Structure formats: C-alpha cells, structure tokens
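2 protein chains.
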Amino acid sequence: MTVVYKLNVFKDPEQLNQNVFAAQYAVRGPLAVRAEELRAQLKEKPDSLPFTEIINANIGNPHQMGQIPLTFIRQVLALCQYPALIENAEITQKLFPSDAIARAKELLEETGGIGAYSSSQGVPLVRRDVARFIEERDGFPSDPNHIFLTTGATQAVRMMINLLIARPYHGILLPIPQYPLYTASMALYGGRTVPYYLNEETNWSVSVEELQRAYDAGTAEGTEIRAVVFINPGNPTGSCLNEKAIEDILGFAKRNGVIVIADEVYQANVYDLPFVSFKKVLSRLQTENPNDAWDKVSLISIHSVSKGQLGECGQRGGYMEVTNIPEAAFKQIYKLASIDVCPPVAGQFIVDILVRPPKLGDPSHDLYHKQIKDVHEQLFKQCRQLHSALSSMKYVKCQEPRGAMYLHPRIFFPKKLIETAKAQGAEPDELYCMELLESTGICILPGSGFGQKENEFHIRTTFLAQGEEYLKHYVAGHNKIMEKYE
Amino acid sequence: MTVVYKLNVFKDPEQLNQNVFAAQYAVRGPLAVRAEELRAQLKEKPDSLPFTEIINANIGNPHQMGQIPLTFIRQVLALCQYPALIENAEITQKLFPSDAIARAKELLEETGGIGAYSSSQGVPLVRRDVARFIEERDGFPSDPNHIFLTTGATQAVRMMINLLIARPYHGILLPIPQYPLYTASMALYGGRTVPYYLNEETNWSVSVEELQRAYDAGTAEGTEIRAVVFINPGNPTGSCLNEKAIEDILGFAKRNGVIVIADEVYQANVYDLPFVSFKKVLSRLQTENPNDAWDKVSLISIHSVSKGQLGECGQRGGYMEVTNIPEAAFKQIYKLASIDVCPPVAGQFIVDILVRPPKLGDPSHDLYHKQIKDVHEQLFKQCRQLHSALSSMKYVKCQEPRGAMYLHPRIFFPKKLIETAKAQGAEPDELYCMELLESTGICILPGSGFGQKENEFHIRTTFLAQGEEYLKHYVAGHNKIMEKYE
Numbered sequence: 001m002t003v004v005y006k007l008n009v010f011k012d013p014e015q016l017n018q019n020v021f022a023a024q025y026a027v028r029g030p031l032a033v034r035a036e037e038l039r040a041q042l043k044e045k046p047d048s049l050p051f052t053e054i055i056n057a058n059i060g061n062p063h064q065m066g067q068i069p070l071t072f073i074r075q076v077l078a079l080c081q082y083p084a085l086i087e088n089a090e091i092t093q094k095l096f097p098s099d100a101i102a103r104a105k106e107l108l109e110e111t112g113g114i115g116a117y118s119s120s121q122g123v124p125l126v127r128r129d130v131a132r133f134i135e136e137r138d139g140f141p142s143d144p145n146h147i148f149l150t151t152g153a154t155q156a157v158r159m160m161i162n163l164l165i166a167r168p169y170h171g172i173l174l175p176i177p178q179y180p181l182y183t184a185s186m187a188l189y190g191g192r193t194v195p196y197y198l199n200e201e202t203n204w205s206v207s208v209e210e211l212q213r214a215y216d217a218g219t220a221e222g223t224e225i226r227a228v229v230f231i232n233p234g235n236p237t238g239s240c241l242n243e244k245a246i247e248d249i250l251g252f253a254k255r256n257g258v259i260v261i262a263d264e265v266y267q268a269n270v271y272d273l274p275f276v277s278f279k280k281v282l283s284r285l286q287t288e289n290p291n292d293a294w295d296k297v298s299l300i301s302i303h304s305v306s307k308g309q310l311g312e313c314g315q316r317g318g319y320m321e322v323t324n325i326p327e328a329a330f331k332q333i334y335k336l337a338s339i340d341v342c343p344p345v346a347g348q349f350i351v352d353i354l355v356r357p358p359k360l361g362d363p364s365h366d367l368y369h370k371q372i373k374d375v376h377e378q379l380f381k382q383c384r385q386l387h388s389a390l391s392s393m394k395y396v397k398c399q400e401p402r403g404a405m406y407l408h409p410r411i412f413f414p415k416k417l418i419e420t421a422k423a424q425g426a427e428p429d430e431l432y433c434m435e436l437l438e439s440t441g442i443c444i445l446p447g448s449g450f451g452q453k454e455n456e457f458h459i460r461t462t463f464l465a466q467g468e469e470y471l472k473h474y475v476a477g478h479n480k481i482m483e484k485y486e
Numbered sequence: 001m002t003v004v005y006k007l008n009v010f011k012d013p014e015q016l017n018q019n020v021f022a023a024q025y026a027v028r029g030p031l032a033v034r035a036e037e038l039r040a041q042l043k044e045k046p047d048s049l050p051f052t053e054i055i056n057a058n059i060g061n062p063h064q065m066g067q068i069p070l071t072f073i074r075q076v077l078a079l080c081q082y083p084a085l086i087e088n089a090e091i092t093q094k095l096f097p098s099d100a101i102a103r104a105k106e107l108l109e110e111t112g113g114i115g116a117y118s119s120s121q122g123v124p125l126v127r128r129d130v131a132r133f134i135e136e137r138d139g140f141p142s143d144p145n146h147i148f149l150t151t152g153a154t155q156a157v158r159m160m161i162n163l164l165i166a167r168p169y170h171g172i173l174l175p176i177p178q179y180p181l182y183t184a185s186m187a188l189y190g191g192r193t194v195p196y197y198l199n200e201e202t203n204w205s206v207s208v209e210e211l212q213r214a215y216d217a218g219t220a221e222g223t224e225i226r227a228v229v230f231i232n233p234g235n236p237t238g239s240c241l242n243e244k245a246i247e248d249i250l251g252f253a254k255r256n257g258v259i260v261i262a263d264e265v266y267q268a269n270v271y272d273l274p275f276v277s278f279k280k281v282l283s284r285l286q287t288e289n290p291n292d293a294w295d296k297v298s299l300i301s302i303h304s305v306s307k308g309q310l311g312e313c314g315q316r317g318g319y320m321e322v323t324n325i326p327e328a329a330f331k332q333i334y335k336l337a338s339i340d341v342c343p344p345v346a347g348q349f350i351v352d353i354l355v356r357p358p359k360l361g362d363p364s365h366d367l368y369h370k371q372i373k374d375v376h377e378q379l380f381k382q383c384r385q386l387h388s389a390l391s392s393m394k395y396v397k398c399q400e401p402r403g404a405m406y407l408h409p410r411i412f413f414p415k416k417l418i419e420t421a422k423a424q425g426a427e428p429d430e431l432y433c434m435e436l437l438e439s440t441g442i443c444i445l446p447g448s449g450f451g452q453k454e455n456e457f458h459i460r461t462t463f464l465a466q467g468e469e470y471l472k473h474y475v476a477g478h479n480k481i482m483e484k485y486e
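Sequence lines, in order, name chains A and B.
The letter at position 287 of the first sequence is residue 287 when you use the UniProt record's numbering, and the numbering goes up by one with no holes.
The letter at position 408 of the second sequence is residue 408 when you use the UniProt record's numbering, and the numbering goes up by one with no holes.
Keep in mind that the hints are not guaranteed to be accurate.
Which stretches of chain A does chain B cover? Using the computed rule of at least three CB atoms under 8 Å from a CB of chain B, they are [what the hints assert, rightly or not]:
| id | segment |
| --- | --- |
| 1 | 88–100 |
| 2 | 104–117 |
| 3 | 286–296 |
| 4 | 331–340 |
| 5 | 397–407 |
No lab work stands behind these hints, which were simulated from the structure alone.
The structure displayed is predicted, hence computed values, not measured ones.
The beta-carbon is built from N, C-alpha and C at its ideal position, and this holds for glycine as well.
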C-alpha cells in the first residue's frame, strides 16, 4: 500500500516568511538562551561552574534583579483581582490604606472588572488620567482621545511600523546604536532601516546634520523615508536630549516631512539633566509660531510601566499619544489596536497609577514617593558603581551616563581577539560576551546587536544588578579575557 | 518669510499600508462603537432612549455580562500581586485557603514575581503543567518545550499567519462563517483567504469534500495553500466536531500537505457532544499507524483563559502547542515570540490554574468545581433560552447549539428590507443589527462580518446576557423591524 502524503511548507524554511528569518533580536538571543542553560545547570549541580549565580545584565528587567515593586500599585492590583477583599471591610482596612481601596473601587466600577475586555483603545478613565498627566508634565493640552493604552511599549512600535511600511522601499530612520526591537520590527514588516549615527564622543548626542546626511543618503538610494525614531533617554546609550536639541530635531522632521516616533519609556530615569518631552517642545512651537506649520509634524510618543521606578515589565502596560494625526490615519491605528482586542487590563490599571500617583495628604502618598525616591537613588548608585568599574578596566572607555538603565562602553579589543572571533565566524564583541558569561556568569550583550560603526566594538550592560560583589568578578573576568588575547 | 515644510505620509492614506485598510474586524466595528455611544448617552440622559441598558451580545466578554470570576484564580492572583499578604500569615489565613497561598508561593518562587519579564516562551513551570494537562486530557504525551504561552489566543494566530504568509499568492483555508480575527489577520499580512463553507443544515459540519473543493479551487486560481483553520467548538456557529470528522480532516491535511491550525478555545464550552482535540486524534493516528506518515502533519493547537468557565478575557492569557514542527521552523516561531518580549505574567499564572485546578482533597477543590459547574449550567440555560426565543421569531431559523458561546441563526429578510439596505449601501444584516440596536439597545453582529454564502443572511449573538427580560425586548424588537419591511 502506498501512503499518500505531501510535505507542508515547514519542511523547507526558505518557503516561510523570510522577513521573520531576517529579524534579529539580540536582547533575547543566543546569550540570553545560554544564560538560562547555565542557570539550570547551577540549580542541578551548583559546583559544576566557576561561579555561583547568573547576573542578568542583558535585559532591563528590574524585579528579576531584586527591585521591590511599589506597594500602592500592588495593593490596588490585589484588590482589583480579588474584590471580595474590599467587601470584607474590617479585615481589609487593617491590610490596605483607604486610598488603595478607593482607587480599586473606582477602577472596578469604570470597567467590567479586571477580567473583562476593555475597549481596544483602553479604559476611558485611564486615558483621561494619562492626558491630565501629560498636561501637568508639559504645560500644554492633551486629548484623551489621542491616547492609546498598549501592551507595553512593544505593541505601539509594532502598530506604527505595520501602518507605515507599505512597500519594500519604505524606510524609517533609526539611531545607531538602537534598541533592537526597532530593527527587528523593521525586518519583520519588510521595510528598510536607514541608520543615523549618535555621536559617542559628545555623550551620544543627535545632530541635525547627521540626520540630514542619513535622510539624503537613504533618499539617494531610493528609500522613501517615512519616519524617524528617537529613544530619549537613550537605550542603549543612556543619553538625554535637551530642549534645544529636540527643537532642532522637530525642525528637521518638518522640513523633510518625516513622522517622529519618540520612545520616552525612560523619562523618569534621568540623573542630571531634566527630561523634556517631544510633545512639550512641539506644543510650544505650535503655540508660539502658529503660522510656521508645526501642526504638520506628526508625533507618536510612547511610554511604559516597565521602566522608571515601577519596573512592572511582566504586567505589560504602556500608552502612546498621537499628535497631529489626520482622521483617516487615526482610524487605521484604531483598527490595528482593535485586532489585538485590548491590552491587559491589569497593565492599564498600573498605567493609571503611574500617571496618577497618591496625592499629598493621601494615606499612601509618603510611602509611594519614598519608594520612588529610594529606587531612583539605588539605581543611580548602581549606575555610578558600574561606571566606575568599567572606567577602571583595560581597553574600555565609557561615556558619562545621564539616564535610562544602561551603560554602553566602547571596547578596544586586542588584535588577537578580533582575529580569533573572525576565524570562528563571530563578531569580536559576541565572542567577548560569551567568554565573559562562561567564566563569570555575567550576561551582557554585544554592541553588534544594537548597531555600531564598522571596526568599533561596544557592550551594553544594565546597571540593575545590586551590590558591588559582582563588579569585582566582572573586572577580573574582563581583565582575564583581555590578557588571554593581548 | 516662507515656511519650509513637507507633508508626511499620514496626509495621504493611500500611501499607508493598504493591508491595514483592507482588514475588517466586525467584532470591534461600527456596531460596537455605536453601542458605546448609546451607553454614554444613557448615562448622561437616561430617558432619551427607548431602552434602559445596552446588552453587549456582540462579543464573548463574560465578566462584562455579569459572570463571576472563579474565586481560587483571583485569590492566587491577589497574593501574587501583593506578596506582603502571604507574609502576614495570621490575617492571610483567615482570608485565603492554604492551597491558594501555596500556589502563589510556588509561582512567585519560579519567577522573579508577577512584575518581571518571563522567558519569551513562557514560565517553564506553567508549560510543564500545560503539557501534563494535555497528556491527561488526551492520553498521549505532550512536551513542555512544544508549548508557547501567549497573550490570549490572538498572539498565537498572529504569529502563525505572520510566519506562513510570505507572498501575496500564499493562502490559508478558513471556514465560512469564521471568527473575523482570521480574515483580519490574513488581510494584515497580505495573504489570500481561501473559503471553505460549513454546512448549516447539518449543524455547521465540516466535510472533506468541501475542503478538497476549496483547496482545488484555490490552487486552480494560483493560490499556494499552506494551512487550514478549524474553530472547534465553532465560533460563530457553536458546532462541535466528533472524532471521526477530525480523523477525516487530518487525512485531508496529510494528503494535501497543509498545516492544521486548531482553535480550541471553547473546548470547555460543550453541551452534549464531548470535546475531542485535534492533538489527541493525531497522536492516536501516529501511534496506531506508525508507517502512515501522520508525523508529516503539522498541528498548531490554541487555547485561552478568556473562554470556558473562566472568562478571564482582560487578563490576556493563553497557550499554543506545536506538534510535528521541524527545528528550523520552530526557531522562527520562538523568535516571533521573543520580539513580543513575553505574554503578561498574570495571564500565564491563570493558564497554570486553568490546566492545574485544585485537586480533590485541596481546600479549594469543592468551591472551584462548584463554580465551574454553576457557570457551565448557567451558560447552557442562557443558551437554551436564547435558542428558544430565536426559534419563536418570524423569519429566523437556528441550528441546535452544541458548544462555544454563540448562536448564529439564519434570517430570511423580507424583500423590502434587502432593497432598503442596498439603497443605503449597507448589507441587509447590517441594517437589521443597527435598527435592533437603536430600538432595543441589544448589540448583535451581522453575519456578513463572519462570512456567509451569497444571498444568505445571518446574525451572530452571544448567549452571555443573563435573565429572560431582554429576550422579550429582543423578540418584540425583531418582530417590529420585520413588520416594518414586510
């Protein structure tokens, strides 16, 4: 008897969507996978490796690194998950402050509860609170109808790239180095990444000349450039844009007709310079110069509950504000949101607390703001310690950090390391990071995953790991690798 | 002075991704939007409309319709959100049963807490529990490494269509009628929907002859058909496949080399026939006939916490199991998951409880299973009541419901209604649904959003609304519309 069958397309990867194959996402790539294997090995046989723990400095995941969640957020979420606690007033009042109970009631009444789908754009009450937060932050109006609540910041990026890339010759200007979600999404939607380079020597600053050079170069190659991404404060660079720089950038966007995507998820992670939003500068320009066509500049501003002092990555909450978007395009953004049905409602509730924290006089006010301050100071301390450790290392040069959760030092590898890597078909910084992981348990990422100039090498590391003990291992491990290849 | 500016692509919708424009998602379309407007109007001016409440029978959103969340789930989630409760043992033991406390501890220890990113494929403990659940359900092995935890079922569908559609002539066989997430996603990724029709007269059954006809017709038109979707139990049809039907379908898939996507989110919503999974039948065929190439059939099985008796839609939890997928393709699925970073951790925890409910002898066992039984019986009762109301209506014919949360009756509209709709540029069933909404506040959806044969008309309604009062308004409102056009 002959068995009748036909092989399906999975048999032949080349028949699958090659955009997926082209996408690279270093943050969750081979180093992260190997770190998990080593962690499992440590659990099984604790003595089998030359270190006792894995330090995940590869991804901005604060709670995994021991950062404590903010009490008020978790109290409200616990009550929303289990509203029977609210009804049990006598016991509940011992465990929960009255403002947490009131907030939970308010959120539950506004929705069908945390287990019901919300509207696709997000819970209206939360969107009103986001708009008020933006108004207070910037001093300019914000419209709740222009707010979309999102599943982290990731969904916002995906939706915008999906809408903007219609043909293989459509492109978006991306900073180099950049957070690889952007290059991965561009690859996935089949668009062209047009790189503009940040200037490392001046703390990874953005220059309009470089933006224009990149725009002209892309255009000359036949790329239709539709948007430009800024990550401010910077991932992986830790840089921070001032008001003048943003004004210049918006001028570039206006002259060239490119949409601005401002990834501002680290807006609360700033250390010396104040954070200035793109929305504020655009609003000011529109107000001050009503005849200068600033209303022709479309802006997508992105924020998240995963970063800042909250660090609630696993809850997948965020929002985007869309400014100067014509109705026909707005409808398509709404449709994309609706096909994702709705963001997690718990994440939406956390957005509400992010933008409307306990007020002065509320029972939770002092604790909430003390916790925010403690986390902020702790992160800054870790940042300084890591920066000082990196600066003490041979062959390493690190810019002053100003924000975000990362340092992105340059490494000047010995020639032998570069040759060894090339012989293995690996990037030199990949080889370095893998050797560091295998010898110390510290997982950092190669600059090649974030983009860098040819023949330059960097590493990206978070400063979320606590204590100084691991830094000793880091410095020793680094020096050992360097000595091996000197 | 000349103001220098250039308009960006938002100015001209035709320059945006036309796949987004082509996507249609009726479940969240104009009727849902209008229902929200009317709800707001009722809140503002309660007497301004001929009804006192909006009945959302347009979307399977159980908690919004008053279904109560399962206590054990919410207890575990509350403890995971606010672990300080666990430490406060004396009070906590009064409020939470010991098995809820133990489960919360277990989940927290396995992860970095509910606020940390998990691995992109999902928390390993939860994946092991899912695999054990599948083994017990089917009597065949399941591998935790073949499980992906997902953001609802939606992410699973999006990832698979993204990977499978590489060219505009690639297609997927979709049932008609279908849940419009599928046609919307196909439009979004630029693939061809190849329709196969369910047979309404035999309770919306699937026939292999019809599948083959659709496959051959699609192929003849130059479409390369890569996969076939089954929604079982059916949305919007409420139908249910038996073991023999699934075996025949898998034979069709094997002969034609198409990947099977089995959307089984309603597997716990069955009323007379038992649920049989595609995975079980495929495993049995592979075991019984080791030489018959059943291992060449690739299967993607999808489940969710949004449906069943949990109804936790807003928490966005789900999983997919991938069977007989070669390593190279598996890696790309993993990469797509990693670009989404991770599903909401709270949703993953709920998946854990879905697949590992309290055991006999555990303190929460009796309540959990009583609640499951109550919800199940309540839904069945509502289903019967709605079916009986529909059957009493003029011009309506409704199949016997067997599962899911929907009824999908056919309506034989008077000629005048059809002509009026066409004159307005609307589908007749759209006009009917809009008139019903405006006159009764009941929001149901036109069959045209789900697909139907030419010159046939249907409506889709959930049976989640409680009580019989609304059914009287429904019958009266229906009859009034029909009399108007008779």
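Find the hints from earlier in the document that the structure breaks and name them by number, from lowest to highest. Those not satisfied come down to hint 5.
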